[in-house]
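Q: Single-letter residue listing:
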Amino acid sequence: MSARDRILAKLRANAPQIPLPVPTPQLDAHYAARDRQESTLDRLARFRTGIESFHADVHVTLEESWPELLARLCAEKGVSSLLYGAATPAGQRLDAAAFAANGTALRPWAGQVEDIKADLFHKVDAGFTQARGAIAETGTLILWPSPAEPRTLSLVPPIHFVLLDAATIHPTFFDALRAENWAGGLPTNALLVSGPSKTADIQQTLAYGAHGPKELIVLVTTREGAAQ
Amino acid sequence: MNAPTPHTAHATRGKPIAFVSAEALRERVHEAINDDHLRSSFRGAMDFLMAKRAAQFPDESELVSLRSLSEAIRQYSLSKLPDLLEQLEANLTRNGVHVHWAETPDEANAIMLDIARRHQAKLIVKGKSMVSEEIEFNHAMEAAGIGALESDMGEYIVQLAGEKPSHIIMPAIHKTKEQIARLFAEKVPGVDYTDNVDALIQIGRQVLREKFEQAEIGLSGVNFAVAETGTLCLVENEGNGRMCTTVPKVHIAITGIEKVVEKLEHVAPLYSILTRSATGQAVSTYFNLISGPRKADEKDGPQEVHLVLLDNGRSQAYADEQLRKTLQCIRCGACMNHCPVYTRIGGHAYGTTYPGPIGKIVSPHMMGLEQTHLLPTLSTLCGACGEVCPVKIPIPELLVRLRGEAQSAPHPHPAMVGQGAGYRPLVSFVWRLWARIYAQPGAYRAFTWLASRFRALTPSRQSGWTVARTPLKPAPKRLRDMVRERV
Ligand code: SF4
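Taken in sequence, the protein lines are chains E and W.
Using the working numbering, read the first sequence as starting at 165 and increasing by one per residue.
Using the working numbering, read the second sequence as starting at 6 and increasing by one per residue.
Derived from the structure by calculation, the hints contain no laboratory data.
From a predicted model like this one, the values you see are computed outputs, not experimental measurements.
Fair warning: there could be bad hints in the mix.
Lysine to aspartate or glutamate pairs mimicking DMTMM-like chemistry, simulated, CA-CA at most 25 Å apart [stated by the list, open to error]:
{"hint": "1", "chain 1": "E", "residue 1": "K287", "chain 2": "W", "residue 2": "E215"}
{"hint": "2", "chain 1": "W", "residue 1": "K397", "chain 2": "E", "residue 2": "D192"}
{"hint": "3", "chain 1": "W", "residue 1": "K57", "chain 2": "E", "residue 2": "D279"}
{"hint": "4", "chain 1": "W", "residue 1": "K268", "chain 2": "E", "residue 2": "D221"}
{"hint": "5", "chain 1": "W", "residue 1": "K254", "chain 2": "W", "residue 2": "D302"}
{"hint": "6", "chain 1": "W", "residue 1": "K216", "chain 2": "E", "residue 2": "E240"}
{"hint": "7", "chain 1": "E", "residue 1": "K378", "chain 2": "W", "residue 2": "D197"}
{"hint": "8", "chain 1": "W", "residue 1": "K268", "chain 2": "E", "residue 2": "D199"}
{"hint": "9", "chain 1": "W", "residue 1": "K254", "chain 2": "E", "residue 2": "D192"}
{"hint": "10", "chain 1": "W", "residue 1": "K85", "chain 2": "W", "residue 2": "E402"}
{"hint": "11", "chain 1": "W", "residue 1": "K216", "chain 2": "E", "residue 2": "E278"}
{"hint": "12", "chain 1": "E", "residue 1": "K174", "chain 2": "W", "residue 2": "D325"}
{"hint": "13", "chain 1": "W", "residue 1": "K180", "chain 2": "W", "residue 2": "E36"}
{"hint": "14", "chain 1": "W", "residue 1": "K254", "chain 2": "W", "residue 2": "E147"}
{"hint": "15", "chain 1": "E", "residue 1": "K174", "chain 2": "W", "residue 2": "E326"}
{"hint": "16", "chain 1": "E", "residue 1": "K281", "chain 2": "W", "residue 2": "E221"}
{"hint": "17", "chain 1": "E", "residue 1": "K241", "chain 2": "W", "residue 2": "D203"}
{"hint": "18", "chain 1": "E", "residue 1": "K174", "chain 2": "W", "residue 2": "D88"}
{"hint": "19", "chain 1": "E", "residue 1": "K174", "chain 2": "W", "residue 2": "E112"}
{"hint": "20", "chain 1": "E", "residue 1": "K281", "chain 2": "W", "residue 2": "E218"}
{"hint": "21", "chain 1": "W", "residue 1": "K57", "chain 2": "E", "residue 2": "D221"}
{"hint": "22", "chain 1": "W", "residue 1": "K300", "chain 2": "E", "residue 2": "D192"}
{"hint": "23", "chain 1": "W", "residue 1": "K254", "chain 2": "E", "residue 2": "D289"}
{"hint": "24", "chain 1": "E", "residue 1": "K174", "chain 2": "W", "residue 2": "E233"}
{"hint": "25", "chain 1": "E", "residue 1": "K281", "chain 2": "W", "residue 2": "E215"}
{"hint": "26", "chain 1": "W", "residue 1": "K268", "chain 2": "E", "residue 2": "D169"}
{"hint": "27", "chain 1": "W", "residue 1": "K300", "chain 2": "E", "residue 2": "D169"}
{"hint": "28", "chain 1": "W", "residue 1": "K300", "chain 2": "E", "residue 2": "D279"}
{"hint": "29", "chain 1": "W", "residue 1": "K216", "chain 2": "E", "residue 2": "D283"}
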């Protein structure tokens, strides 16, 4: 008998006399009672307050002007190389010349991570990815890395730029995974990200820039003329 | 049932966890109580964590509802545990993850050593995993000549100091920044003394980045395993967990068999109550959902993912309706933050991987009562742990139950390994006698009459009681006599 069979047999043989079935957890009752019925703008405001409290920078812009804003932010931060996925809808809108004019070299991801590992760890200043959505309640970004947008883009470079469409902000994590039926098909790696990496492991003193990005910069696009 | 496994052979890092005798435990507690520095540092840290948690639950009704829901999810999951484990295994396997089962720490280490050898690994970088501490993973790898490096800042500090974590969430909570500054200056090549926290963290970041890049294998724990999708969920702030599970070409996750939930949506409330209860954060920086190795068209991520499911006494707790509640735990650490005993003695005195209230109720299953029968007595039964536990584990009730198991006369079919380990026939006889007297009014009256009459004869040394207290002496007048005089 294998360890597997022995463990399962023990669990089954010793199943105590708990009256079965134990009731199914009622998640809807909990979340429905807390539904806020808020507008997209209110959600954006809540998302923003949340993620800013975790030291992320948020810039709200109109849909058509985010590439310009990204180029400007890269220049401000002194980013000399920006790694990104060129095949994504957002990646296709980046214009190398516009970035070069500001002193940033655009570097499309090419090859397997093994091929570019040394550069990724030592040369690249910033990574750029799209967000699939966000969560208003906690100020959280939802990232679904893909072949076109590998997961280390949002992990290894010291600065992470993220593009978020304000219309994709959900009230809670529960709402997001229900509305989008995550259980029906998850990517290899899905992520919730709330701010740059941090730690409080030394005397409960909060320090940013632990092992992941030191800075998280969110570009939120709206279509309602709410740019600031 | 599995017997506790000795790990003394390769104890190179701190004292081995598995063997702290009852006498040694008394000594450790005594030492801890007399350590003024420890008392003030833990008091300050626990006050801070309690305040932060309280601030996360401004709406009492939400807390009540979320706790009930979280308890319901954990109980529901446990009620279907063997089926969910099989479902998890099937879905993970379909996703391309290798699933392994281990009854004992030695089996788990052997499985992982085998994987490491197959990949000729020299270095394993580790994300935070209490289960890896439970099985003394680092010793096992070191003994085989493979480096196992902790990458969570707190764990890294503790490993550098040759110590053990003193808290399940904040491993280096017992250390001041000055101590850490000295440690880094002494142990990290080319580093000068600085007690600036940001600078210290940047030193750790630099050292560990190189290791993430080099390591062949990354090891992690698991916070929740989702059966319906075959997904492993990890909660963290630092990004080292993501590094360990993303950069090396092999990722090994290890978890206790109790961590499985049925549906993906079940993790939403559990995740929320976990971070809020643990460190008083609305959410952690990262929530990492891993459902498989790198696919053919993907550009990064591990090429191989393994999951090791560890029993190590959990199935013993599972077999009893009351003790099963121990397995509801989501390892938030709130019970230790609120425990007056933990706050006084710190995490090291317990001598177990898991300290504090959760440690007292779970360690007896992992290590047997022979070695742990005193643990459930390290409690005032004040009830704070049970009140804050996000999944409503009745910890005080379980402590009383375990005290009973430890004291009961050995039984032919014990519910627990080591049952009766604390049994002393004389003590047991005295208590039985007292129970008789107390249950019969006549006998009780006679007893109190005698006691007040012969009070002068009570000894001034009364075994354990007078170690730290004044001797007990019966009152000159019984309560019943005083009442009678008044009416
Ligand atoms: S017993 Fe409850 S309070 Fe303690 S760590 Fe587990 S879940 Fe948290």
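Q: Would you pick out the hints that fail for this structure and give their numbers low to high?
A: 3, 4, 6, 9, 22 and 27
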